[in-house]
Amino acid sequence: MTYLAKSPWIIHYDASSCNGCDIEILACLTPMYDVERFGIINTGNPKHADIFVVTGSINEANREVIQNIYNQMSDPKVVVAVGICACSGGVFRECYNVAGGIDKLIPVDVYVPGCAARPESIIDGIVTALGVLEEKRNKHVSSPMVTDHGHTHRHRHAEGGAQ
Amino acid sequence: MINIVWAIVFVLVAPVIGGLVVGIDRKITAHMQGRVGPPILQPFYDVGKLFEKEQTVVNETQIFYAICYIIFMIFTGALFFAGGDLLLVIFALTLAQVFLVMGAFAANSPYSYVGAERELLQIMAYEPMVILAAVGMFVATKSFNVSEIASTTIPVVLLLPGIFLGFLYVLTIKLRKSPFDISTSHHAHQEIVKGVTTEFSGPSLGLIEISHWYETVFLLGFVYLFFGFNPLIGVAAVIIIYLLEILIDNTNARVKWQLVVKSSWLIAAVVSVVNLAALYYLSGGVP
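Protein chains in written order, with the working numbering: chain A, 1 to 163; chain B, 1001 to 1287.
Don't take each hint at face value.
Said to hold, decoys possible - Chain B is faced by these chain A residues, among others (derived, beta-carbon under 7 angstroms): (1) S7; (2) G20; (3) Q67; (4) S74; (5) D75; (6) G100; (7) K104; (8) E134; (9) K136.
As the list claims (entries may be wrong) - Just a sample of chain A residues kept apart from chain B, beta carbon distances all over 10 angstroms, derived: (10) Y3; (11) L4; (12) P31; (13) D34; (14) F38; (15) N45; (16) D50; (17) S88; (18) Y96; (19) N97; (20) D103; (21) I106; (22) V108; (23) P113; (24) G114; (25) T128.
No lab work stands behind these hints: they were computed from the structure.
Just so it is clear, CB atoms sit at the ideal spot from N, CA and C, and this is done for glycine as well.
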């Protein structure tokens, strides 16, 4: 086992969720579940983080934020989508402002379903992510730089149509 | 006078001791909060992990500053444990700290900038007290050399109770513990994202962590100097004082930077100066 799997630092971001899953992530840090016993630390800094935990789905306001956090993290890194909204868009998937699950924007490695996802399943998801993290390190996988070309293209088309 | 063997021992052993101290610190902190806490060796896993990560920096010079920081921190500690001049040790410590500040200023990031500015304020806050501690030790033992202060039979702490308390006050700043962890903080705490270390990642962050282990061992060595007359009491005092720091860390909220600077200066100006004046008076005016 590498050191990577013994010291995963996470950064959590609440995209457009109801905040339920985000609260469950923070519940993992409490004395009840205490994820620090696995060496997991909740950082507020993407540059120090190994695991990106996202709750909620993508909308126009958080698109750039998610990309920015993902791009700022150093390799090897993994993304865990927590909650059904992050996995697929959930009940909001057909809303006009929701693009869908997190995997529409950045590569997701582990999906943790649930509404809200329980702390036990979040911890299980993060432990699964450790396996992926180690595999990525051994294979020297470098993550892609995520940009919003597809998105900006769509806008240009829309503008072109209006002309 | 300068003992090279001790310097080499410091360079090799200090990271092990420092890492263990931080690990035990995290474990005790966790128990105080009713948690199980990470393994004692967790700090070593963390640093091992950081060296496995990719190095991403905004500005290449950041790596240079991180390397300078650890080199001067090792120099500070090595000179101290070799029994060198206490004033030179303090100047080297400040230089090391300035490299960290410059590293934080090298990246154009608001969090890093605020952290660097606060780090400068911290240096301003603790520096007078640390220099007064060196002066106090000179007045008590007639020497600035660590080797002579450490091997003295004079009970330094009994002559310098005020300076000792003042030094404990700024020790909280140096160990980056609440309520004075304004520039960056320990464990999972967050302050202005991560303050001075915000823009460091991977191996360069690992170097900063290792420097902090060296610094911790050096500072505990400085505490020991007050008890140099009896090694047993000295080691016991160092352990008790570190436990006290953990207790303070867990029972205090972070304060504003204004309070850090004002209170440190006030303590340095009142307690230490009164202590020094009393020492002069008792020794008949001339040291």
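These are the hints, each one checked on the structure:
| no. | hint | result |
| --- | --- | --- |
| 1 | S7 | holds, 4 angstroms |
| 2 | G20 | violated, 22 angstroms |
| 3 | Q67 | violated, 16 angstroms |
| 4 | S74 | holds, 4 angstroms |
| 5 | D75 | holds, 4 angstroms |
| 6 | G100 | violated, 29 angstroms |
| 7 | K104 | violated, 25 angstroms |
| 8 | E134 | violated, 10 angstroms |
| 9 | K136 | violated, 11 angstroms |
| 10 | Y3 | violated, 3 angstroms |
| 11 | L4 | violated, 5 angstroms |
| 12 | P31 | violated, 4 angstroms |
| 13 | D34 | violated, 4 angstroms |
| 14 | F38 | violated, 8 angstroms |
| 15 | N45 | violated, 5 angstroms |
| 16 | D50 | violated, 7 angstroms |
| 17 | S88 | holds, 31 angstroms |
| 18 | Y96 | holds, 34 angstroms |
| 19 | N97 | holds, 29 angstroms |
| 20 | D103 | holds, 23 angstroms |
| 21 | I106 | holds, 17 angstroms |
| 22 | V108 | holds, 20 angstroms |
| 23 | P113 | holds, 27 angstroms |
| 24 | G114 | holds, 24 angstroms |
| 25 | T128 | holds, 18 angstroms |
Comparing the model with each numbered hint stated earlier shows that hints 2, 3, 6, 7, 8, 9, 10, 11, 12, 13, 14, 15, 16 do not hold.
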